[in-house]
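> Just so you know, the sequences run in chain order A and B. Just so we're aligned, residue 1 is where the first sequence starts under our numbering, counting upward by one. Just so we're aligned, residue 1001 is where the second sequence starts under our numbering, counting upward by one.
Among the hints, a few may not be true.
From the derived model, a few chain B residues whose C-beta atoms are all more than 12 Å from chain A [stated by the list, open to error]: (1) Arg1017; (2) Val1210; (3) Tyr1216; (4) Ala1247; (5) Phe1288.
Reference listing, derived: stretches of chain A covered by chain B, where coverage requires no fewer than 3 residues with Cβ under 8 Å from a Cβ of chain B [unchecked claim]: (6) 116–126; (7) 163–169; (8) 194–203.
Treat the hints as calculated values from the structure; they're not laboratory data. Yeah, the Cβ is synthetic: ideal placement off N, Cα and C, and Gly gets one too.
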Amino acid sequence: MTTGASNALIEMRHLSKLYSRGLYALRDLSLTVFKGEFVFLAGSSGAGKSTLLRLLLMQERPSEGELIVNGYNLAKLKRSEIQEYRRGIGFVFQDFKLVPSRTVLENISFVPEVQGVPLSQQRRRAFQVLKGVGLQHRMNAYPGELSGGEQQRIAIARALVNAPALILADEPTGNLDPDLSLEVMNLFREINAGGTTVLVATHDRELIRLVGRRTVTLGHGRIVEVA
Amino acid sequence: MSALRYALREAIASLWRRRSASVFSVAAIGLAIVVLGGLLLVTFNVDRVVAEWSSAAELSVFLSDEVTDDERLAVETLIDGSAVALDRERVSKAQALERFRRDFAELAVLVESPEGNPFPESIELRLRPDVEGGAEVEVLAGALSNAPGVSDVRYDRQWLARVTALLTAFRRVGFGLVFVMMAAAAFTVAAVVRLALHDRRDELEIMQLVGSPYVYIRGPFVAEGVIQGGAGAAAALLVLWSGFAVAVSWWGSDLAAIGSVEGLRFLPPGTCAVLAVGGMTVGGVGGFAATRVVS
């Protein structure tokens, strides 16, 4: 574990990701995201947003430069430390990634369960976050019985169940209509207001404008604008 | 404990969901263990018989029907003079016939012929352990073969050595076959577990992303393999025991008479336990191998 700047949660220094065919997906990114910040990662398809999120989730390793998240230097993270690092991060995807054979409550309590949290705490924590996203009345429903907006709120509740320092969201409103998109973004704002750092990747400029937070725009793997 | 509980619960649920496919891997492990257990069962009992025979009379001198008292005395003097025998026993023609009738009651009718008793008179020697298989015995056997009144000399060690060599070859071939079958069983388990991995790929992805310890991610699949191996081993032991019980009820007395031991015995409990653990290990290895794709 390596500690970066005291109030920085994510620090990138000359970060690059090079694929085997000599193609740079990310090139020389330097950026700091501070604790408690809400940051949008914008850019068109192929700009490098998803690659950066994969690096942040340790699904891939950086090729060059430094990436320090929540005190972990991801370029040097040992394989045995990856799971421990991930426990400090919540993630939300465009396709929700809920388990269809589990109920809403089970989808959420599944996270503490597979982290070895005692049984007595699993359901209590799951119910608390479910209540936080306003879907406690659907706790026994299956994902297939919920609307897209409800499913994404469940996915957000699941991301929150560990009380993570950082929430990463990859196009979380990509499958939702504009009203539901704004509703989900408001939920992220509430979470951020509670002190959790939120990083949302989206290509929806209108949504970014409505929420109005710091926006880092990527283009061809480089930072082209920070606004 | 919670990881173990989780692994077992998920493994049982997964096996039940894909019970048709699971039957194949259980059968593959079971078959491999039936072959291994059968091999051990046969060699275990043959070993006992060979050991019994080894401690019994080891050199038999068959006398011709026309042997005279002087020739018989000369043979006995030759034996006593060699000092390789612990003791010797004369078996008359009548005693040989009686012995055959006792050991092979159902075959007794075959020796009831008008020509009379077909069994020769013999002298059986129990050899000193320190000379068994040695040159002194070979010299004595040669001398006895050429002695007047002797029709044949059987030195048991020679054919016991052949039986032992045959048994060793049988073991090698058998263990080779079992090794191949065990490997095939492990591959079958791995294939079945891969199906489970495919079924649960979304859950696995989530488990990896939420930082679930690897023991939680891989544990259910290894447990699935162990359970399949254990079930295969249990089924195999049941089949072996049933087969053994049937064999004993049908041919037990005949086989025991040939072997001149108290009776056939099933595998010792320790060997059964080793087979069960072996089956679970093969299954567990197959399950673990299948989860190598999870990182």
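> Look at each hint and say if it fits the structure.
Going through the hints against the structure:
1. Arg1017: About 10 Å separates Arg1017 (chain B) from the closest Cβ of chain A, which leaves it inside 12 Å; violated.
2. Val1210: violated (5 Å)
3. Tyr1216: violated (5 Å)
4. Ala1247: holds (48 Å)
5. Phe1288: holds (17 Å)
6. 116–126: holds (count 3)
7. 163–169: violated (count 0)
8. 194–203: violated (count 0)
The earlier numbered hints that this structure contradicts are 1, 2, 3, 7, 8.
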